[in-house]
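S.K.: Here are the chains, one letter per residue:
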Amino acid sequence: MSIQETIQDQPIPGGRPPASGVRGATTMSGLANWLRALAALMVMVAVTLLGLLAMTFVIGRLVPIDPVIAVVGDKASAETYARVRQEMGLDLPLYEQFWIYCKKMVTGDLGTSVLTNNPVLTDIARFFPATLELATLGTIIGTIIGVPLGVFAAVRAGSWLDHVVRVIGLVGYSVPIFWLGLMGLLLFYAKLGWVAGPGRIDITYDYLVTPVTGMLLVDSLLQGQYDAFWNAVSHIALPACLLGYFSLAYISRMTRSFMLNELAQEYVTTARVKGLSERRVVWRHALRNAAVPLITVIVLSYANLLEGSVLTETVFAWPGLGAYLTNSLQNADMNAVLGATLVIGVVFVALNLLSDLVYRLLDPRTRSR
Amino acid sequence: MTDTATSSAPKPSLRQWLLSPEPASRSQARLGRLYVGWKTFIGNPLAVMGLVIVLALIFVAIFADVLATHSPTVGGDLRTQRLLPPSAEFWFGTDDQARDIYSRIVYGSRLTLMVVALVTVIAMPIGLLFGALAGYVGGWVDAVFMRLTDIFLAFPRLVLALAFVAALGPGIENAIIAIAITIWPPYARLARAETMTIRNSDFIHAVRLQGGSTARILFRHVVPLCTSSVIVRVTLDMAGIILTAAGLGFLGLGAQPPSPEWGAMIASGRRFIMDQWWVAAVPGMAIFIVSLGFNLLGDGLRDVLDPKASR
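Read top to bottom, the protein sequences are chains A and B. Residues 84 to 452 (my numbering) make up the first sequence, in order. Residues 17 to 327 (my numbering) make up the second sequence, in order.
Be aware that a few hints might be false.
Where chain A lies over chain B, by a calculated footprint (3+ residues, C-beta under 8 Å) [as the list claims (entries may be wrong)]: (1) 160–173; (2) 176–190; (3) 263–277; (4) 283–290.
If you are wondering where the hints come from, they were derived from the structure by calculation, not from laboratory data. C-beta atoms are modelled at their ideal positions from N, C-alpha and C, and glycine is treated no differently.
Excised from the complex, chain A in its bound form (with noise of 0.2 Å):
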């Protein structure tokens, strides 16, 4: 795959560089025209922060079942059934109910969970720090074990390392998540015994350790409750490496695709001609320079195992918020359903507008244009 296409496909709402429209006097300064293209960047975020907020307003009427019946029964009069068909707003016309919508949720309120009887939003802030450990986690493995093998890979592109990055690639693309997190459940934690099984931590250290964070590595070591820390260490080692595989298949490919990008540059021979060792060559000059677009495709990777950690927390039993997510499926509780969607959407388009910004803000091609 190359970079273009795969930037090209990403979801960055400004994929295309928005300067090209608004380039106006020649002796503009970089700044101000980096200025620009931020505030052209900011609009298309915003009107997609819209887009989201109808989509899920939509799928919202696409349900069959009608909303005043689920509240009256089926056996209320005509006149109830016209009341609370009002006081539910389903009177007004669909851009006013639209209108609605958008102040609720902007103003946080996702409304009430059917299943824990608790507003969306207090539910979703529950259990988003068990999903933000494990995907960072998730991230950080990925990107330690991904960026040097994408880098030998390249350097020694045809050799045995190469094809076995390439199969790492291709296994990663191809099995279902969900089956090589029970497969490592079985292997690892029923045969092997090296890990613990699903869930984030023993039942005796529950409630242990004071939610600060509410990520259970960072909390139990603040406290010093270094038990409990080894714990839940043993919880996440195994989905955590199961997302870390997921990301380093996509890392260490696109790793190497700019590493080999970069090794055919001029500089990199003039670098060899005036001596350098091969491996300055390599890490200091070509990976230094490869190093831009790889940091958005590293976001752009965490952005990923938010979709990768809805099916492996169903199969760890990990209270994340892809837990929560599936579980209000499987119970029809269609307010959680939205409200986390919406809240992943948003956190999906954060993070590819941090790697947008990340590499206008690192890469002074993109300022100096």
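Given chain A's structure and the hints, the job is docking chain B onto it.
M.R.: Only chain B this time, still in chain A's reference frame:
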């Protein structure tokens, strides 16, 4: 084809005829291109392996009735034939309903193939048409279409598909619709990008000068040129379609029991994973092999049809 082989005159061999630098007819040129593409494809053993896997899937799906040894939905004796390990009679063992897993896998190939085919048939024309239209017409149409794809791409695909299935209700038809809805935007973007590069080329101007209508230009000249890159993209996405459908099945939102969908089979085997591992392991293996096949095939096709994009 046969007349070139049997004629006695010093006619060029079939190979020479195909590779002729000056093809005498349009069909000769087309066949020649096809031949070169095929040669490139055959030279890539991994791509051939992918093709073989996909063809095997199609074969199994067509002849499922012959290949299956038991019924896929009706189980055997619940007292004696539940959760049996693989044996001569039950090649991959039996599940908790005493059904033969091998036969269920065989019939499940039909569902997998159906999902892939239907999603492709729905999503590809939508993406091609919207993309080509947006790229060709430009202006506000383009802006609106592109914002629309932005919105779709602002959700992780699986999450959006989950939300749609939640609204439409579980079931394999709704899963197919949900996947198709979430998968078309990248195709539209690709078709748009391709269209923009050919929109101002001389031959399009020529058609327009000859009085060709917009519809004619779009359907006869623009869309055919975008198709090959979109086909490559779709083939590369087929593994993703299979994995998403299996994920929906695993969560109980895709195909409903007792249908032998592979993802749903893993879900039902999950309870027995510690002792009767084969119940969940075998369907997962099937999903893995099939999506690997599509990935390899897609890589190979990309090398043939879209040499620019391959690395």
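S.K.: Confirm or reject each hint.
M.R.: Hint check:
1. 160–173: holds (count 10)
2. 176–190: Coverage by chain A holds for the stretch 176–190 of chain B (9 residues, Cβ < 8 Å).
3. 263–277: holds (count 5)
4. 283–290: holds (count 3)
Hint check: no violations occur; every hint is consistent with the structure.
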